[in-house]
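Trainee: One-letter residues, chain by chain:
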Amino acid sequence: MSDSHAMETPLAVEHEARPELRHHFADEQQQRNAASLGMWWFLGTEIMFFGGMFCGYLVYRRMYFTEFAAASRTLNLPIGAFNTVVLLCSSLTVAMAVRFAQLGNRKMQVRMLLLTLVFGLAFLGIKGKEWGDKYKEHHIPTFNHYNVISGEGALTNVKGNAELLGLDKITDPVKRQQREAEIQQRTKIFYSLYFALTGMHAIHMIIGVGIFIVITWMAHKGRFTPEYHTPLEIAGLYWHFVDIVWIYLFPLLYLIDRRGA
Amino acid sequence: MATVAVPVEQKNYLNAEYGIRSWLFTTDHKRIALLYLVSITAMFFVGGFFALLIRLELLTPAGDLLLADTYNKMFSMHGQVMVFFFLIPSIPAVLGNFLIPMMIGAKDLAFPRINLLSWYIYIVAAGLYLWCIFSGGVDTGWTFYTPYSSLFSNTHVIEAGLAIFIAGFSSILTGLNFVVTVHRMRAPGMTWGRLPLFVWSHYATSIIMLLGTPVIAITLVLVVLERTLNLGIFDPSRGGDPVLFQHLFWFYSHPAVYIMILPSMAVVSEIIPCFSRKRVFGYTFVAMSSIGIAVIGFLVWAHHMFVAGISLYSALVFSFLTFLVAVPSAIKVFNWTATMYKGSLSFSTPMLYAIGFIGLFTIGGLTGVFLATLGVDVHVHDTYFVIAHFHYVMVGGAVLGFLGGMHFWWPKITGRLYPEGWGRLAAVIVFIGFNLTFFPQFILGYLGMPRRYWDYSHMPEWQGLNVLSTAGASILAVGYLLPMVYMLWSLRYGKIAGDNPWQATGLEWKTPSPPPTFNFDETPIVTEEAYEYDKMPLPEEVSLER
Amino acid sequence: MANHSEHVASARLYWLIWLALIICTVLTAYVATVDLGKFNTVVALGIATFKATLVALIFMNVKHTSEKMTKAILISAVAWLLLLLFLSLADYSSRLAG
Ligand SMILES: [Cu+2]
Chain A
12 MSDSHAMETP
22 LAVEHEARPE
32 LRHHFADEQQ
42 QRNAASLGMW
52 WFLGTEIMFF
62 GGMFCGYLVY
72 RRMYFTEFAA
82 ASRTLNLPIG
92 AFNTVVLLCS
102 SLTVAMAVRF
112 AQLGNRKMQV
122 RMLLLTLVFG
132 LAFLGIKGKE
142 WGDKYKEHHI
152 PTFNHYNVIS
162 GEGALTNVKG
172 NAELLGLDKI
182 TDPVKRQQRE
192 AEIQQRTKIF
202 YSLYFALTGM
212 HAIHMIIGVG
222 IFIVITWMAH
232 KGRFTPEYHT
242 PLEIAGLYWH
252 FVDIVWIYLF
262 PLLYLIDRRG
272 A
Chain B
1050 MATVAVPVEQ
1060 KNYLNAEYGI
1070 RSWLFTTDHK
1080 RIALLYLVSI
1090 TAMFFVGGFF
1100 ALLIRLELLT
1110 PAGDLLLADT
1120 YNKMFSMHGQ
1130 VMVFFFLIPS
1140 IPAVLGNFLI
1150 PMMIGAKDLA
1160 FPRINLLSWY
1170 IYIVAAGLYL
1180 WCIFSGGVDT
1190 GWTFYTPYSS
1200 LFSNTHVIEA
1210 GLAIFIAGFS
1220 SILTGLNFVV
1230 TVHRMRAPGM
1240 TWGRLPLFVW
1250 SHYATSIIML
1260 LGTPVIAITL
1270 VLVVLERTLN
1280 LGIFDPSRGG
1290 DPVLFQHLFW
1300 FYSHPAVYIM
1310 ILPSMAVVSE
1320 IIPCFSRKRV
1330 FGYTFVAMSS
1340 IGIAVIGFLV
1350 WAHHMFVAGI
1360 SLYSALVFSF
1370 LTFLVAVPSA
1380 IKVFNWTATM
1390 YKGSLSFSTP
1400 MLYAIGFIGL
1410 FTIGGLTGVF
1420 LATLGVDVHV
1430 HDTYFVIAHF
1440 HYVMVGGAVL
1450 GFLGGMHFWW
1460 PKITGRLYPE
1470 GWGRLAAVIV
1480 FIGFNLTFFP
1490 QFILGYLGMP
1500 RRYWDYSHMP
1510 EWQGLNVLST
1520 AGASILAVGY
1530 LLPMVYMLWS
1540 LRYGKIAGDN
1550 PWQATGLEWK
1560 TPSPPPTFNF
1570 DETPIVTEEA
1580 YEYDKMPLPE
1590 EVSLER
Chain C
166 MANHSEHVAS
176 ARLYWLIWLA
186 LIICTVLTAY
196 VATVDLGKFN
206 TVVALGIATF
216 KATLVALIFM
226 NVKHTSEKMT
236 KAILISAVAW
246 LLLLLFLSLA
256 DYSSRLAG
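Residue numbers (this note's numbering), protein chains in the order written: chain A, 12 to 272; chain B, 1050 to 1595; chain C, 166 to 263.
Since the hints were made in silico from the structure, they are not lab data. You may find that some hints are simply not true.
Restraint ranges, calculated between C-beta atoms of paired labels, are given here [unchecked claim]:
id, chain 1, residue 1, chain 2, residue 2, range
1, C, T198, B, H1428, 54 to 62 Å
2, B, D1113, A, A165, 52 to 60 Å
3, C, T198, B, L1073, 26 to 34 Å
4, A, G177, C, A244, 33 to 41 Å
5, C, L250, B, L1423, 19 to 27 Å
6, A, N155, C, L250, 43 to 51 Å
7, B, S1393, C, L222, 31 to 39 Å
8, A, E163, C, F215, 32 to 40 Å
The calculated lysine to any residue pairs, modelled on SDA-like cross-linking and capped at a C-alpha distance of 25 Å, are [said to hold, decoys possible]:
id, chain 1, residue 1, chain 2, residue 2
9, C, K228, A, R110
10, B, K1391, B, L1274
11, A, K170, C, K203
12, C, K203, A, Y249
13, A, K147, B, R1473
14, A, K118, C, A176
15, A, K140, A, G162
16, C, K203, A, R270
17, C, K236, A, G162
18, C, K228, A, H149
19, C, K228, A, L114
20, C, K233, B, L1274
21, C, K228, A, Y239
22, C, K228, C, S175
No experiment lies behind these values; they were computed from the predicted model shown. For glycine and all other residues, C-beta sits at the position ideal for the given N, C-alpha and C.
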């Protein structure tokens, strides 16, 4: 645990010369450390925030594994993987933007931040398209006649799902109907969690884009120097964190069981 | 012209600026603490009003005062208001906010604007909750158990859930501010080993706030989504699992008990050495036991679910872990007692509350151990025994600590002394009223009276104890109102306190009362450990009255 | 400030990490289609954890930070998460046995 600041310079004159220094800090070092420590604790909180949903997801995935796997196969794997790549690219540009701020290169800093925004918005656009497809397939709980048994979004349209769900072996129509009702219910829990998780992630992305619009503007105005770029740095931490959440969401939601696909 | 010494009023945080704007846009942690004090006091009276109706209804065995549905709303809203809008913010947001920067020798918290933001978030949450109350209220019990809350209740669950969700962020931001402040803002020489125990306890509290609160936040979001979108995540008839809700809810809500009690322990750890004129016994143990409580407190949550259908193995493990959490609490009680042993005690008002706290918290804690025992829990589950247990912890513990702390630091906050005689009288009234209210409930619970019943006409022999309890509650109410009156009175007529009326140690007593806006004229340099009472003179006031 | 000892990583390192992340993404999508028995989930989560670690250590600068608390916070938050997951799931897994 690092120790308190040894230096004492609470002089009004010095403060005026350093506009970004708030009055109650002794020096910039202390202020910067406080800001990044605060962001790290906030990210710790965020881990637990998503953690509650992850817990729910794991419990039901264990309980209804086959239905979860069958529903997971209806998610668009190539698009999901591509979106992961988009997000990883945005993380690279954020890291680069911070690096260019450290080096004092304003022009490249702004370019990297603009690229970040492009990648971020692209991710959201692609995610929106995926949700749109789910809407058409009647896979959104409570919207547009949720249905995974028949029609466009029938789970059995996906290769291997009928076997996985055991529907191919049931001949008795009554038993088949019972099983179908069960599948309808259990996959609904999967899709509820899918939308809750990706939705909460998307909300974080939207907030991230909002923050980065401000950061880009500040960078454009030349507010960040090699000595002071704390806002950029802690906004970057947030962005990377949201990226990490997706790094876990991708296998948990898209790759439950893709064997033989 | 001869120079005449004109008494110049010293500038302090209260008279530095005037007007409503200077309060609503302040970033001074001391002013924000007072904003919180006013708001949580208001919410305390809202919750108290519900308690009053509950006790009046139970005066007679028949359900004659309120309708059954109204009664359900009364106990639900009593619990939610008291837990989420009074107890959780009470000591941290008021006394912690006011004192932590001063105790570590800082000018303010690390993020003053976020501190103000957290108050506004609290106000939005409280406003939404009040709106929920006035538009008809909520009847789910304070616990929001599913599937009742998500499916069957036709009251305002969504508003209540969202209000508590929002209040959670206020709590998270407060915790964030405290942790960063303690790490980053300590004055030169204020090492971790010299931190007052008040700060240690609040540090532990903040960790719980940061790592626990988000879980209940997301859980309430899921309940709200389930209710609005009809999802079925927690609905057993649609493949959902209501026990999952209980896991997630108690993952926060058991540690939340420590959010309420640790700050109280923080207060008591300051009061006891001061009025025993001794160094606190076993400083390191008391400090570490706070952290221990914060950590072990997270390992015990399923003791609320022994009869909810969790696995037997799970129940055994959680039962055992719950016994463990009694250890750090007991360490504290032993250390406080050892601090008082052979000390030169004076029984001023804060000390009366602190001693009351030790006694009542011990009863509350030990009955908690009864409840952690599987066999006993099955017998008294959902009875008044449980109610009595957690009121001993939350009222006998948390509220007594809050009152004790308010008295102890009142001279610092306002610069004036409250009338000592009235203070002691109120403390005694609170103690008597409290025990009269809640001790009979232990017996009622053991006799089998279930919680949340509004009509017990099938067991009229329970009436005697219920009458005692209601009588006690009215005495307790007097005990709460008295300090309100004499403290407001003292704002104008109280004796001027001086910098350090108790001759207490700690940096907050080395600055004027009320303190200047940035707390210290010069950043203090710390050279000694906390609680060096052997070096302090005896306070005049208290030694006279002994 | 002169004493601002911030670590400036080389651009090359960032590109390498990025490349590793992309390769891992393609790899995890591919491996999921191969039948590994029980190990599909383990591999998927292992790769995800590897990716997350790279992002945290390099992009978020956990590796070179002078701030010891960063690691402590990260470790405790992850530990808390595992605590929640482990103790809840332990209940579900032991129910049938009980
Ligand atoms: Cu508990």
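Trainee: Take the hints in turn and mark each one as holding or not.
Mentor: Results for each hint:
Between T198(C) and H1428(B) the beta carbon distance is about 55 Å. The supplied range of 54 to 62 Å therefore holds. About 59 Å separates the C-beta atoms of D1113(B) and A165(A), a value consistent with the hinted range of 52 to 60 Å. For T198(C) paired with L1073(B), a C-beta distance near 60 Å fails the hint of 26 to 34 Å. Separated by about 39 Å at the C-beta atoms, G177(A) and A244(C) satisfy the suggested range of 33 to 41 Å.
Here the CB-CB span from L250(C) to L1423(B) is close to 24 Å, well matched to the stated 19 to 27 Å. Range check, N155(A) to L250(C): about 33 Å between beta-carbon atoms, so the 43 to 51 Å window is missed. A beta carbon spacing of about 57 Å between S1393(B) and L222(C) contradicts the range 31 to 39 Å that was offered as a hint. Between E163(A) and F215(C) the Cβ separation comes to about 37 Å, which falls inside the hinted range of 32 to 40 Å.
Taken as a hint, the K228(C) and R110(A) pair is honoured in the structure, with Cα atoms around 15 Å apart against an allowance of 25 Å. For the suggested pair K1391(B) and L1274(B), the alpha carbons sit about 59 Å apart, so the restraint of at most 25 Å is broken. A hinted pair counts as satisfied when its Cα atoms are at most 25 Å apart, and K170(A) with K203(C) qualifies at roughly 21 Å. Using a Cα cut-off of 25 Å, the hinted pair K203(C) and Y249(A) is violated, with the two alpha carbons roughly 34 Å apart.
Taking the CA atoms of K147(A) and R1473(B), the gap is near 71 Å; set against the 25 Å cutoff, the hint is violated. Distance hint between K118(A) and A176(C) is fulfilled; the C-alpha atoms sit about 16 Å from each other, no more than 25 Å. Proximity of K140(A) to G162(A) is assessed by CA-CA distance (about 20 Å); at most 25 Å being required, the pair is judged to hold. Simply put, K203(C) and R270(A) have alpha-carbon atoms about 11 Å apart, close enough for the 25 Å limit, and the pair holds.
Proposed proximity of K236(C) and G162(A) is contradicted: the alpha carbons are some 51 Å apart, above 25 Å. With a CA separation close to 46 Å, the supplied pair K228(C) and H149(A) exceeds the 25 Å bound. Distance hint between K228(C) and L114(A) is fulfilled; the C-alpha atoms sit about 20 Å from each other, no more than 25 Å. A threshold of 25 Å between alpha carbons decides the hint, and for K233(C) with L1274(B) the separation of about 39 Å lies outside it, so the pair is violated.
The suggested pairing of K228(C) with Y239(A) holds, with an alpha-carbon distance near 21 Å, which does not exceed 25 Å. Taking the CA atoms of K228(C) and S175(C), the gap is about 14 Å. The hint holds against a cut of 25 Å.
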